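A.B. asks: Take the given structure of chain V and dock chain H to it, following the hints.
So the protein sequences, as listed, match chains V and H.
With my numbering, letter number 78 in the first sequence gets 78, and the count goes up by one each step, no holes.
With my numbering, letter number 347 in the second sequence gets 347, and the count goes up by one each step, no holes.
In short, the hints are calculated from the structure, not lab data.
Do not rely on the hints blindly, as some may be mistaken.
Derived BS3-like pairs: lysine-lysine, alpha-carbon spacing no greater than 27 Å straight-line [stated by the list, open to error]: (1) V:LYS88 / H:LYS362; (2) V:LYS287 / V:LYS270; (3) H:LYS207 / H:LYS237; (4) H:LYS312 / V:LYS36; (5) H:LYS270 / H:LYS214; (6) V:LYS349 / H:LYS88; (7) V:LYS312 / H:LYS334; (8) V:LYS312 / H:LYS270; (9) H:LYS237 / H:LYS262; (10) H:LYS19 / V:LYS88; (11) V:LYS188 / V:LYS287; (12) V:LYS36 / V:LYS19; (13) H:LYS88 / V:LYS334; (14) V:LYS88 / V:LYS214; (15) H:LYS207 / H:LYS362; (16) H:LYS349 / H:LYS334; (17) V:LYS237 / V:LYS88; (18) V:LYS133 / V:LYS237; (19) H:LYS19 / V:LYS312; (20) H:LYS88 / V:LYS270; (21) H:LYS312 / H:LYS214; (22) H:LYS88 / H:LYS19; (23) H:LYS237 / V:LYS88; (24) V:LYS19 / V:LYS133; (25) V:LYS334 / V:LYS349; (26) H:LYS287 / V:LYS88; (27) V:LYS207 / V:LYS362; (28) H:LYS88 / V:LYS287; (29) H:LYS312 / V:LYS19; (30) H:LYS143 / H:LYS88; (31) H:LYS188 / H:LYS312; (32) H:LYS188 / H:LYS262; (33) H:LYS133 / H:LYS237; (34) V:LYS88 / H:LYS312; (35) H:LYS334 / V:LYS88; (36) V:LYS362 / H:LYS88; (37) H:LYS19 / H:LYS207.
On a predicted model such as this, the values are computed, not experimentally measured, just so you know.
Number of protein chains: 2
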Amino acid sequence: MHITVQREKLSNAVSHVMKAVSARTTLPILTGIKIKADEDGLTLTASDSDLSIEVYIPTEEAGEWGVTVHRPGSVVLTARIFSEIVRKLPNDEIELEVDNRLVTLIRSGQSEFTINGMNADEFPQLMQLEEEKVLSIPGDLLKAMIRQTVFAASTSEMRPILTGIMWSLEQGQLTFVSTDSHRLASRKAMVECSPELSFHNVVVPGKSCNELVKILDDSQDPVDIVVGENQIMVRAKHILFYSRLLEGTYPDTSRIIPQGSKTDMVVNAKEFLQSIERASLLSREGKSNVVRLVTMANNTVEISSNAPEIGKVIEIVHPQSLSGEELRISFNAKYMIDALRSMESAEIKVSFTGSMSPFVLKPTENDWILHLILPVRTY
Amino acid sequence: MHITVQREKLSNAVSHVMKAVSARTTLPILTGIKIKADEDGLTLTASDSDLSIEVYIPTEEAGEWGVTVHRPGSVVLTARIFSEIVRKLPNDEIELEVDNRLVTLIRSGQSEFTINGMNADEFPQLMQLEEEKVLSIPGDLLKAMIRQTVFAASTSEMRPILTGIMWSLEQGQLTFVSTDSHRLASRKAMVECSPELSFHNVVVPGKSCNELVKILDDSQDPVDIVVGENQIMVRAKHILFYSRLLEGTYPDTSRIIPQGSKTDMVVNAKEFLQSIERASLLSREGKSNVVRLVTMANNTVEISSNAPEIGKVIEIVHPQSLSGEELRISFNAKYMIDALRSMESAEIKVSFTGSMSPFVLKPTENDWILHLILPVRTY
Numbered sequence: 001m002h003i004t005v006q007r008e009k010l011s012n013a014v015s016h017v018m019k020a021v022s023a024r025t026t027l028p029i030l031t032g033i034k035i036k037a038d039e040d041g042l043t044l045t046a047s048d049s050d051l052s053i054e055v056y057i058p059t060e061e062a063g064e065w066g067v068t069v070h071r072p073g074s075v076v077l078t079a080r081i082f083s084e085i086v087r088k089l090p091n092d093e094i095e096l097e098v099d100n101r102l103v104t105l106i107r108s109g110q111s112e113f114t115i116n117g118m119n120a121d122e123f124p125q126l127m128q129l130e131e132e133k134v135l136s137i138p139g140d141l142l143k144a145m146i147r148q149t150v151f152a153a154s155t156s157e158m159r160p161i162l163t164g165i166m167w168s169l170e171q172g173q174l175t176f177v178s179t180d181s182h183r184l185a186s187r188k189a190m191v192e193c194s195p196e197l198s199f200h201n202v203v204v205p206g207k208s209c210n211e212l213v214k215i216l217d218d219s220q221d222p223v224d225i226v227v228g229e230n231q232i233m234v235r236a237k238h239i240l241f242y243s244r245l246l247e248g249t250y251p252d253t254s255r256i257i258p259q260g261s262k263t264d265m266v267v268n269a270k271e272f273l274q275s276i277e278r279a280s281l282l283s284r285e286g287k288s289n290v291v292r293l294v295t296m297a298n299n300t301v302e303i304s305s306n307a308p309e310i311g312k313v314i315e316i317v318h319p320q321s322l323s324g325e326e327l328r329i330s331f332n333a334k335y336m337i338d339a340l341r342s343m344e345s346a347e348i349k350v351s352f353t354g355s356m357s358p359f360v361l362k363p364t365e366n367d368w369i370l371h372l373i374l375p376v377r378t379y
Numbered sequence: 001m002h003i004t005v006q007r008e009k010l011s012n013a014v015s016h017v018m019k020a021v022s023a024r025t026t027l028p029i030l031t032g033i034k035i036k037a038d039e040d041g042l043t044l045t046a047s048d049s050d051l052s053i054e055v056y057i058p059t060e061e062a063g064e065w066g067v068t069v070h071r072p073g074s075v076v077l078t079a080r081i082f083s084e085i086v087r088k089l090p091n092d093e094i095e096l097e098v099d100n101r102l103v104t105l106i107r108s109g110q111s112e113f114t115i116n117g118m119n120a121d122e123f124p125q126l127m128q129l130e131e132e133k134v135l136s137i138p139g140d141l142l143k144a145m146i147r148q149t150v151f152a153a154s155t156s157e158m159r160p161i162l163t164g165i166m167w168s169l170e171q172g173q174l175t176f177v178s179t180d181s182h183r184l185a186s187r188k189a190m191v192e193c194s195p196e197l198s199f200h201n202v203v204v205p206g207k208s209c210n211e212l213v214k215i216l217d218d219s220q221d222p223v224d225i226v227v228g229e230n231q232i233m234v235r236a237k238h239i240l241f242y243s244r245l246l247e248g249t250y251p252d253t254s255r256i257i258p259q260g261s262k263t264d265m266v267v268n269a270k271e272f273l274q275s276i277e278r279a280s281l282l283s284r285e286g287k288s289n290v291v292r293l294v295t296m297a298n299n300t301v302e303i304s305s306n307a308p309e310i311g312k313v314i315e316i317v318h319p320q321s322l323s324g325e326e327l328r329i330s331f332n333a334k335y336m337i338d339a340l341r342s343m344e345s346a347e348i349k350v351s352f353t354g355s356m357s358p359f360v361l362k363p364t365e366n367d368w369i370l371h372l373i374l375p376v377r378t379y
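Chain V extracted, bound-state conformation (with noise of 0.2 Å):
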């Protein structure tokens, strides 16, 4: 292999397969990246046992350089080492040579390295996918759905399948629904896809949806995502990305979610934020991090908490509406804080059914978000 590459689109391009590197491998080829240039351009692949990154760079696109290459080859290179080279190399040209024993040359400017590569053929296949149920999304919703819901994903492997996302379809509707059994987030949207395109019980490693909304860029443009047997694609623009699913069966959630509701709050979500965030600086130091939330006469709703021997804390907050039953509920402030700043809604509407039942946060101006969470039982 011999080319020559634009450093800022290596270097980008290097710091996106970077995610998909393992520090800890059993398999000594996945702590480095496959580099492989044909007469297209230049693919960069790295992969863990959860997933994998490509990362494509075009030989010239929109009358740009990316890439000449002088010979076509391959060689896997240790990334940590490559990355790190890449991003302090002197020149705008990165040329790449590799010799028949895999040493490569990589040389800019007046700085010379030469190192030690891997066989590329020794390097695991990516699975391919086959293209059935293939739907589309703009990248910035997909990164939104994820961000809005994977905090409530478990992280303990007691029960491994909660710490996924559990994606579904149905009539052209995205649902994705995590839960650690104390609290559940789900998102809803509409996306575009083959009207009898349906499945359930995709779920999708929490870790993997944190590394996806880190590679996904902040624009409108559509990515597509491919759901497979026991892995999911999701494929951006010269970027696709690979995903193992979770094994097991999800959890049905939909009926813990209750239906009426006793009592009814519509909160300011910032300024209720900020006197959950208040009134957790005492609760949080004890174990539970307990917050009492108790209806007032007119129209008021008091947080309060203690920390024994420190202090304690009250919070008046002024609801802009009020109205069912009389209510004391405890709850795990963290839950509470996680939730509202997920939320991006300037007004939250929060249903109570009882100071034993779980209760549920929805913004006010639609149904696309919902938050439930369980009380701790004191009162």
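C.D. replies: For chain H alone, kept in the frame of chain V given last:
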């Protein structure tokens, strides 16, 4: 004590004194911030075994309100909790009211904290310094002097005296020296003081110096330095900063700085730094982080390094000038990178006296800064 204080001023004051709060201490009172109100304003104090910081908020300054003292008094509040409360309170005004059991009410808007306080009489008194040895220096210059030397101080407790910066003053010239016995940094500046004032062997802990850099702002406003028997005080606007001095005699470093030179080289600081940084990508894979520098024919210098099993790197540097004997020398790349990054000069003169002797870096435009690095003996 009962006061109403402007939130941002209180928040800034708290974040300054926080730097002297020790996380681990055998004296519980030192986990707190002492808050004292009298007719002039509010004083916040924190202290650990090494340093103490006092910040003052006047009742009013340049027509701008700071604090209203309804009833003078004092209290000590746990620093970690108090600082977070202050940062998160909703209103521009914060009311603090301490009752006779030291329970402190912190009120702002609809938010009300009740925090258990400690007795301010138990807080250790700051030692007063006799203001005999006072000098004055622009704050930004003091910060620069610290930044340009502190990195070369030792971080090992093997020789505690080397973990500090040695300050000395003679004929109006303030000198900072630091060394970890492998490299040395020196920075001089003229300051304002009485002409007969002089001191030597004033060794300020590196950690104190780092905190001082964070507290001083970047203005040219003068700060006063008062040197005492075993502590030093720096006085900026509304801030008093005390640090203990390290005990012992700082080694005489003047005799290890070579007077002549056998090979001289003037380089563009940025280009030279980047070459060393690239070479160190491989050298740091080894234990000693060694790069080689070799003078070549036609006025060039070769920087090189290698890492077993990974590869090697060669950098060609074109110095602005190169004169004297041929040279092959090896040194720790980190020491060179630290020195070059700190110097903030466009051109650097490097003076060698053979491959086994320390070499010296100076800016070409002035004599205020000197760095010395001991070579590694590989040739």
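A.B. asks: With reference to the structure, classify each hint as holding or not holding.
C.D. replies: The hints, checked one at a time:
no.: 1; hint: V:LYS88 / H:LYS362; verdict: 25 Å, holds
no.: 2; hint: V:LYS287 / V:LYS270; verdict: 26 Å, holds
no.: 3; hint: H:LYS207 / H:LYS237; verdict: 22 Å, holds
no.: 4; hint: H:LYS312 / V:LYS36; verdict: 23 Å, holds
no.: 5; hint: H:LYS270 / H:LYS214; verdict: 26 Å, holds
no.: 6; hint: V:LYS349 / H:LYS88; verdict: 24 Å, holds
no.: 7; hint: V:LYS312 / H:LYS334; verdict: 50 Å, violated
no.: 8; hint: V:LYS312 / H:LYS270; verdict: 55 Å, violated
no.: 9; hint: H:LYS237 / H:LYS262; verdict: 48 Å, violated
no.: 10; hint: H:LYS19 / V:LYS88; verdict: 35 Å, violated
no.: 11; hint: V:LYS188 / V:LYS287; verdict: 34 Å, violated
no.: 12; hint: V:LYS36 / V:LYS19; verdict: 18 Å, holds
no.: 13; hint: H:LYS88 / V:LYS334; verdict: 16 Å, holds
no.: 14; hint: V:LYS88 / V:LYS214; verdict: 22 Å, holds
no.: 15; hint: H:LYS207 / H:LYS362; verdict: 26 Å, holds
no.: 16; hint: H:LYS349 / H:LYS334; verdict: 18 Å, holds
no.: 17; hint: V:LYS237 / V:LYS88; verdict: 26 Å, holds
no.: 18; hint: V:LYS133 / V:LYS237; verdict: 19 Å, holds
no.: 19; hint: H:LYS19 / V:LYS312; verdict: 26 Å, holds
no.: 20; hint: H:LYS88 / V:LYS270; verdict: 13 Å, holds
no.: 21; hint: H:LYS312 / H:LYS214; verdict: 40 Å, violated
no.: 22; hint: H:LYS88 / H:LYS19; verdict: 19 Å, holds
no.: 23; hint: H:LYS237 / V:LYS88; verdict: 42 Å, violated
no.: 24; hint: V:LYS19 / V:LYS133; verdict: 26 Å, holds
no.: 25; hint: V:LYS334 / V:LYS349; verdict: 18 Å, holds
no.: 26; hint: H:LYS287 / V:LYS88; verdict: 21 Å, holds
no.: 27; hint: V:LYS207 / V:LYS362; verdict: 26 Å, holds
no.: 28; hint: H:LYS88 / V:LYS287; verdict: 22 Å, holds
no.: 29; hint: H:LYS312 / V:LYS19; verdict: 26 Å, holds
no.: 30; hint: H:LYS143 / H:LYS88; verdict: 30 Å, violated
no.: 31; hint: H:LYS188 / H:LYS312; verdict: 39 Å, violated
no.: 32; hint: H:LYS188 / H:LYS262; verdict: 25 Å, holds
no.: 33; hint: H:LYS133 / H:LYS237; verdict: 19 Å, holds
no.: 34; hint: V:LYS88 / H:LYS312; verdict: 15 Å, holds
no.: 35; hint: H:LYS334 / V:LYS88; verdict: 16 Å, holds
no.: 36; hint: V:LYS362 / H:LYS88; verdict: 25 Å, holds
no.: 37; hint: H:LYS19 / H:LYS207; verdict: 11 Å, holds
In summary, the structure is inconsistent with hints 7, 8, 9, 10, 11, 21, 23, 30, 31 from the numbered list given earlier, while agreeing with the others.
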